[in-house]
Amino acid sequence: DLVEKADGLIEGFRPGVAERLGLGPDECLDRNPKLVYGRMSGYGQTGPLAQRAGFDLNFLSLTGALWAIGEADRPPVPPLILAGDFGGGGAFLALGMVSAMWEASRSGQGQVVDAAIVDGALNLMAYTYGNLEGGTWNPERQSNLIDGGDWRYCVYTCSDGRFVSLAVIHPKFLDNFLGKAEVQLPVELGDPADVGNWPAYRQWMAQVIAARTRNEWVELFDADDDCVQPVLDLVEAPNHPHLQARESFTEIGGTTQPSPAPRFSRTPSEITRLSPSPGEGAGDVLRDWGFSDADIARIATPVTATRATEED
Numbered sequence: 001d002l003v004e005k006a007d008g009l010i011e012g013f014r015p016g017v018a019e020r021l022g023l024g025p026d027e028c029l030d031r032n033p034k035l036v037y038g039r040m041s042g043y044g045q046t047g048p049l050a051q052r053a054g055f056d057l058n059f060l061s062l063t064g065a066l067w068a069i070g071e072a073d074r075p076p077v078p079p080l081i082l083a084g085d086f087g088g089g090g091a092f093l094a095l096g097m098v099s100a101m102w103e104a105s106r107s108g109q110g111q112v113v114d115a116a117i118v119d120g121a122l123n124l125m126a127y128t129y130g131n132l133e134g135g136t137w138n139p140e141r142q143s144n145l146i147d148g149g150d151w152r153y154c155v156y157t158c159s160d161g162r163f164v165s166l167a168v169i170h171p172k173f174l175d176n177f178l179g180k181a182e183v184q185l186p187v188e189l190g191d192p193a194d195v196g197n198w199p200a201y202r203q204w205m206a207q208v209i210a211a212r213t214r215n216e217w218v219e220l221f222d223a224d225d226d227c228v229q230p231v232l233d234l235v236e237a238p239n240h241p242h243l244q245a246r247e248s249f250t251e252i253g254g255t256t257q258p259s260p261a262p263r264f265s266r267t268p269s270e271i272t273r274l275s276p277s278p279g280e281g282a283g284d285v286l287r288d289w290g291f292s293d294a295d296i297a298r299i300a301t302p303v304t305a306t307r308a309t310e311e312d
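Note that the numbering used here numbers the sequence shown so that position 41 is 41, with each residue one more than the last.
Simulated from the structure, these hints should not be mistaken for lab results. Even for Gly, the Cβ is constructed at its ideal location relative to N, Cα and C. Any given hint might turn out to be false.
Unchecked claim - Derived CB-CB ranges, DEER-like: (1) L234 - L57: 16 to 22 Å; (2) L23 - R246: 38 to 44 Å; (3) D233 - P262: 36 to 42 Å.
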């Protein structure tokens, strides 16, 4: 009954489980030909690993993304779950769902959206693979322009143990940095743009940055052409003036969380309440879909039934 009225459905089981439950795409699209059926998985609906268990780190391992992150002489660093679950998975699923629903609104036909985390993560790596094919990317970790290899695009440790990010690849910004920091390039190290000289220049820049605290660097580089920023931790970030000015965080019920993104000019998004508890609001939702109280009592889980009763 729900499927007949829905624009989209999302399931995250291993491939084949929804079919065994009688809720596969064939059954659902028979009930609603305009339905967009989203399938979220790690390895995808097909292929030798389709049934394999795994987590974000496992999925990234196959894409080249995990290999490319971290220092050359240490193991790759797990990038939280940003590149896999959220970026390669959820974001691509959302894009696929809205794209397919828009198409269905014109064609009257639904379809299946096979959103695999490995596929999405690979798409996020398109720039890197393009450079690899073009001969401008070194497969070795920390030996490229944007992977911490170039000394002009790095994170450095300050005298207080905190960190700053330095991104002065363009000559204009490098000259600006050198002038304000009152240092000169050590020409005896050779051409600073030569990849072979990058490690020596990274050591030199590390010594330069280590001479001051993070706040001293932030105060020095506070103009529009300064490509130096403090590396904030999760406690510091909500208090940064820029993020506060943009209201990038929202506090609801004593809980601080990132505000919705992107920003809409005519229909701005907002967070009005905390996330619901399991089953909270179930009674209202099911009634809105046309279920009677008797239906709710029959199909609801104990938690959902309790919440529905409490709402009455």
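- What are the numbers of the hints that this structure violates, sorted from low to high? 3
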